[in-house]
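Chemist: So you can see what is in the structure, the chains are spelled out below.
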Amino acid sequence: MLEDLFKTVRSRFDVDLKSDRKNKVSIPADLLFKCPRCGNVMFMEDFNGANKVCSACNYHARLTARERLQMTIDKDSFVEYDKDMMSKNPIGFADYEEKMEKLRQKTGLKDAVITGECTIKTKPCVIVVMDSTFMMASMGSVVGEKIARAFERAIEKKLPVIAFTASGGARMQEGILSLMQMAKTSAAVKRHSDAGLLYITVMTDPTTGGVTASFASLGDIIIAEPKVLIGFAGRRVIEGTIKQRLPDDFQSAEFLLEHGFVDMIVERKNMRRTLSKLLRHHGYPGNTPDL
Amino acid sequence: MSNLTAWERMEIIRNKNRPTVKDYIPALFKDFFEFHGDRFFGDDHAIMGGVGSFKGRPVTVIAQVKGRNIEENKDSNFGMPHPEGYRKALRLAKQAEKFHRPIIFFIDTPGAFCGIAAEERGQGEAIARNLLELSNLKTPIISIVLGEGGSGGALALGVCDELAMLENAVYSVISPRGAASILWKDASKEKEAAQALKITAEDLVSLGVAEEVIPEPAGGAHNNLELMVEHLSDYLERTIPKLSSEPIANLLENRYNKFRKIGEFTE
Chain A
0 MLEDLFKTVR SRFDVDLKSD RKNKVSIPAD LLFKCPRCGN VMFMEDFNGA NKVCSACNYH
60 ARLTARERLQ MTIDKDSFVE YDKDMMSKNP IGFADYEEKM EKLRQKTGLK DAVITGECTI
120 KTKPCVIVVM DSTFMMASMG SVVGEKIARA FERAIEKKLP VIAFTASGGA RMQEGILSLM
180 QMAKTSAAVK RHSDAGLLYI TVMTDPTTGG VTASFASLGD IIIAEPKVLI GFAGRRVIEG
240 TIKQRLPDDF QSAEFLLEHG FVDMIVERKN MRRTLSKLLR HHGYPGNTPD L
Chain B
0 MSNLTAWERM EIIRNKNRPT VKDYIPALFK DFFEFHGDRF FGDDHAIMGG VGSFKGRPVT
60 VIAQVKGRNI EENKDSNFGM PHPEGYRKAL RLAKQAEKFH RPIIFFIDTP GAFCGIAAEE
120 RGQGEAIARN LLELSNLKTP IISIVLGEGG SGGALALGVC DELAMLENAV YSVISPRGAA
180 SILWKDASKE KEAAQALKIT AEDLVSLGVA EEVIPEPAGG AHNNLELMVE HLSDYLERTI
240 PKLSSEPIAN LLENRYNKFR KIGEFTE
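Taken in sequence, the protein lines are chains A and B. Every letter in the first sequence is one number past the one before it in numbering that gives the first Met the number 0, and letter 29, counting from 1, is 28. Every letter in the second sequence is one number past the one before it in numbering that gives the first Met the number 0, and letter 143, counting from 1, is 142.
In short, the hints are calculated from the structure, not lab data. Incorrect hints may have been included.
[Stated by the list, open to error] As a list, the in silico BS3-like pairs of lysine-lysine whose alpha-carbon atoms are at most 25 Å apart:
| no. | chain 1 | residue 1 | chain 2 | residue 2 |
| --- | --- | --- | --- | --- |
| 1 | A | K242 | B | K73 |
| 2 | A | K242 | B | K184 |
| 3 | A | K74 | A | K87 |
| 4 | A | K157 | B | K188 |
| 5 | A | K189 | B | K188 |
| 6 | A | K157 | A | K82 |
| 7 | B | K73 | A | K101 |
| 8 | A | K156 | A | K189 |
| 9 | A | K189 | B | K184 |
| 10 | A | K189 | B | K137 |
| 11 | A | K120 | A | K242 |
| 12 | B | K93 | A | K242 |
| 13 | A | K189 | B | K73 |
| 14 | B | K260 | A | K87 |
| 15 | B | K260 | A | K156 |
| 16 | A | K98 | B | K184 |
| 17 | B | K137 | A | K98 |
| 18 | B | K93 | A | K82 |
| 19 | B | K97 | B | K241 |
[Stated by the list, open to error] Far from chain B, by Cβ distances over 10 Å, these chain A residues were calculated:
| no. | residue |
| --- | --- |
| 20 | L30 |
| 21 | K33 |
| 22 | M41 |
| 23 | V52 |
| 24 | A147 |
| 25 | I154 |
| 26 | R170 |
| 27 | K189 |
| 28 | T211 |
| 29 | A212 |
| 30 | F214 |
| 31 | V236 |
| 32 | I241 |
| 33 | V265 |
| 34 | G285 |
| 35 | N286 |
All C-beta atoms, glycine included, are put in the ideal place defined by N, C-alpha and C.
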C-alpha cells in the first residue's frame, strides 16, 4: 500500500509524457485517459465523470480554471472581475508577446488566473482560480494585479476569499516586476485579514515557488487536494544541491500535512461541501441548509 | 555612474574582496549587539541581526551574511537562509516595531536555501509570512541590496519604505544561470540572461522598484571600503530622519502603494 503510494508519486516525476508516444499502443487523446502517475487507463467519459480523479491511485489531475469553477460554485452565480486584463512586455523580453498570444488562442484565457464573485451553496465569496494550462500559471503583473484587486474588492464588500492555487512560480519573462507581485499580493492578504475576513487557500497541483512563498501560504485555513505537489524549490534544484535522490513523497500534500503546513487534505468530490460548511462556520449561513 | 553591463557588475560583486555586512556593521553602527535565534528551531547564521546606534539613534539591523572566506561561508551557508533565518528576521523586526526603532535590512543572498530541511520547515511559508507582516509593520523600513538580491530569498527582507541598491548590486526574480537553463536549456548563456532580465541598480530604479542607487568607489566597493561606508552612511543619514518624521499611517499607506503600483498591464 505504502509502496504503491511512492510508486505513483515517483511516476509523477519520472515519467516523460512524450515517451508514451513511443510505446507500442498509442492512445487517442480524446477517448482514453492514461494516468501520468500510475499508468492506469480509463475511458475519458469515466475519468471526466469522476471529476478527473484517477480511479486507481486517486491522483487529482489538473483542472482548467473553468472546469474548477463549474465543479465548485453555484451554477450561473459567477461574475468575473477584470476579464480583459492582459500583460505587456515590461522588460522587453524576447518572444514573450508571441508566446502569450499563442497561449491566449490555445486556452481562451487572457492570463493564468480567473477572479470574480460567486456563491457556493448560496454563500457569497470572492474566488481566485489559477490555471496551470497557461504558462504553468506563473505569476506576472496580471496575475498579481488581479489577485490584489480580488482581495481589495472582498474588503469593500466584506466577503471571504477562496483561492485555488497552482503555479510554477514567478514569471521570469517579466523580471523583477514578477517578484514584486509576491509582496503586492501578500500585502493585500494582510489588509483583508486585518479587516477580520476569512481567507481559505486550496492548494492544487502544482503549487510551487513564488506563489507558495506568498499568498498561497497565507490562508487562515489551508486545504490541499490529495497527492498534489507543494513546495518552494523545484525538486531537481534540490537534488542538484544535495547530490542525492529525494524521498518519493517529498513535497506532496501529505508531506506538508505531516510537517504542519496544511490544515487538511480534501478530496475533490467533497470540496464544494467542505467549503460551504467552512463558510457557514465563519458567519456566512447562506439560504439553504447544508446537506 | 559607470556604464557597465549586468554581467560586468556581477563580476564585481563576485570579487572575493567585496565587503560584506561583517565589514559594514562595525563601521556604520556603534555598540552593535547581535541577537540570536528564531525562538522556534535554531539560529541561522545566514542571517544576522541586532541593535546598534546610528549617529546616536538606536536602529535594528538585519542582514544576510556572505562569508569573506571559505570558513565564514561554510558558517553562513554562503548567505542562503533557512526558514529559521527568516523567522529570526521577523522576530527582530517585530522587536524593532515594539521599541519604535527603524529597521535597516541588508540584502546579499543568492537566494533562500533549496534543501530538504528547508522544505520540511516551510521555506515558502517563512518567506510568505515575512512579506505579509513587513507590509504593515509599524516602523520605518529601509532595505539595501549590497551585492546579490536573489529572488524570494531577498524579497523576504525587501518589503520596505525605501529600497536602495549599491551601484553594482543586482536584484533578480531568478538567477541568470537558472533563467538560461530554463529558457535556452543552456546554463552557460547566463551572460545573455543577465542582460535580458534587467537586474542592475539602474534597471530597478527605471522599473520603479528601487528608489536610490548608492554610488560605489571606482571599480567597486572593494577598492575603497572607507569611501563605501561614507556613501552608505550619507544615505542612511538622509533617509532615516525622512522616514521617521512621516506619521505612521502615511508611512504604511505609502508602503502599501509602493508595491501595489508595481506591474504593467492593459485592460
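Chemist: Which of the numbered hints are not met once you compare them with the structure shown?
Modeler: Hint check: 3, 4, 5, 7, 9, 11, 12, 13, 17, 18, 24, 26, 27, 28, 29, 30, 31, 32 fail, others pass.
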